[in-house]
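For the record, the sequence lines run as chains A and D. Per the numbering used here: the first sequence = residues -16 to 409. Per the numbering used here: the second sequence = residues 153 to 382.
Relax, there's no trap hidden among the hints.
Per the computed footprint, the stretches of chain A lying under chain D, defined by three or more beta-carbons under 8 Å from a beta-carbon of chain D, are: (1) 306 to 317; (2) 395 to 407.
Simulated coverage check for chain D against chain A, where a stretch passes if three residues somewhere in it have a Cβ under 8 Å from a Cβ of chain A: (3) 199 to 210; (4) 231 to 241; (5) 245 to 259.
Keep in mind the hints are simulated off the structure, nothing from the lab. Here a beta-carbon is modelled for each residue, glycine too, at the ideal position from N, C-alpha and C.
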Amino acid sequence: MTRFILADLRRLWAGSLVVVLLIAFATALGVAVTLQERALRLGSARAADRFDLVVGAPGSETQLLLSSVFLQPSPLPLMPGDVLAKLAADPRVSWAAPIGFGDSFSGYPIVGTSTALTANLSALAEGRVFSKAGEAVAGAAVTLPLGYEVKPAHGLATLGGETHTELAYRVTGRMAPTGTSWDRAILVPIQSVWNLHGMAAHEDDHDRAAEAGGAHHAEDPGHDDHADGHEHAHVDPDAPLDEHWTAKTPGLPAILVKPKTIADAYKLRQDYRSNGTLAVFPGEVLTNLYATLGDAKRVLSAVAAGAQILVAAAVLMVTVMHIGQRRRQIGALRAFGAPQSAVLMVVWLELFILIALGIAFGFAIGYGAATMLSMMLSGESGIVLPVGFIRDDLKSLAVIAVFSAILALAPALLAYRQSPAAALRA
Amino acid sequence: MLPLDLSQISVSYPGLLSPVLDIPSLSIVAGSRVVVTGASGSGKSTLVNILTGLEHCAAGGSIRWGGTDIAAMSERSRDRWRGAHIGLVMQDFHLFPGLSAVDNILLPARLSRAMQPGDPDRALMLLYAVGLCRAGQKVETMSRGEMQRVAIARALLRKPGVLIADEPTASLDSDSGDAVARLLIDLSVSNESTLIVVSHDPRLTDRLDRRITLSAGRIASDREHREMAA
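Bound conformation, chain A alone:
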């Protein structure tokens, strides 16, 4: 029987190929949507996992998360610098690190922060942490050698920001991969960012700092720095690190906080959700984002399901027509003594083999497409998007297999019920 089925499929190879490809692409569409959505969820959750609590100025929680955890350039309001001093001194806090943005270098965001972050985000893969104002630590995905001179450009270089000439950072170390957006960041001492933008603690009061810094943190490369009234101070690259946060510390857009315990985390979030600050759990904000993502996935899944239903209908139509054309062959099989059950089996198996092949190819193509898409997205954002099947996918596979087995039964039953004499006359 196997030989007969294979000979039949070989004889009708062109049609069989089309059926297999149709099913493969329809399956791939659904598989890719599911895998990609899962990869986005998992990847972003893992990327946010390293940051327990983010404190910023009141505003959009989503914006705070996107800017601090995923380093997406966007305008963030500033909060007073003494928040950092208070957090750093808080006994419930394991470590707190300021972050300040505004500059970039060949597409990599330059993030001002403190050694608290470089020490805790990940170990260094090579070199050492910055110890002077003019030193920098590169993320794992930043393709710059140690010792390289980084001249920060204001805003995003691609948008034509002005290059700062006052200071060039020297890359002294590289972090191990974290699978987060921070792999694409160049970390520098935040005091240098403040100094470059004329916000150093000793020359400004908070109000002015907030105003000037706000414009910078908005990463609006089009704006005229000098018209804003801040002057680019000369920065001494050999100045020692100053990480003594005080009430005089300039305003900043966000602070990454590592609480000592979960209870501390909840208390800290409560304490810092008022009085001019906003504290968020990245995981919680992500959950809200996923709700939106979930809606998009539902739409995509509906489109994929629509395509699959169309393909199923097309395949069914093709096979029913095909059975019509094979009436004589089926009638002859019966005439030579093949039992009805054998005819049923032949027709069912032929179709099921095609569908199963299509589904198998579809899973492979869908996996490949999702992997490629993930790699592209990872390249852009630095976030590792893990594409993978889970145990539940086996269940879906089983459901699809059973469904297609039942679908293949329709033409098989049609062949089963044919009167051999009538079929031979046809």
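Keeping the supplied structure of chain A fixed, place chain D upon it in accordance with the hints.
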């Protein structure tokens, strides 16, 4: 070898006033060689379908092959019985492309799960007997005469008690037709099968023992050929 007893056979189709086949009784002795002739539409193919159990007759009729009434059988047992006892040769061969000659011969037995250990050898022997030696040749690459020989070998694989051929030479040229006619008669003798042939081909009709002529679904004449020849 199986004898045949038909009684009260009537086949009608909806929309037709008179039955396409109406045979009150017909007997064929085991081992005899019978030809059925008649004009187109006289009911010859319907008779073949009745004899092989491919078609149902009206209630009350019986088709007895050696005591077994196949009209009373279920579809499934009739399929099984037909596979075991009737060798069928048709005008259009109905071989299955993509399979070799020997695989075509073995296919019905395989699909019926009735393969015997000796069947592959017997298939080769039958191929040799019908004058073919390339057992592995794909049937679609054969000439029509060769295809019909493969079909004859297939019909004889399971040593059927009856060999029924429906216009076996009609689509062949005269040389091939001659060879096929000879093979059918010789092999039915050596395999001890009752032979029933529907044909107009004088190469066949003249060599068989008995000639039944159908007209409008009824037996118009039924003569022993030896008497005619005598």
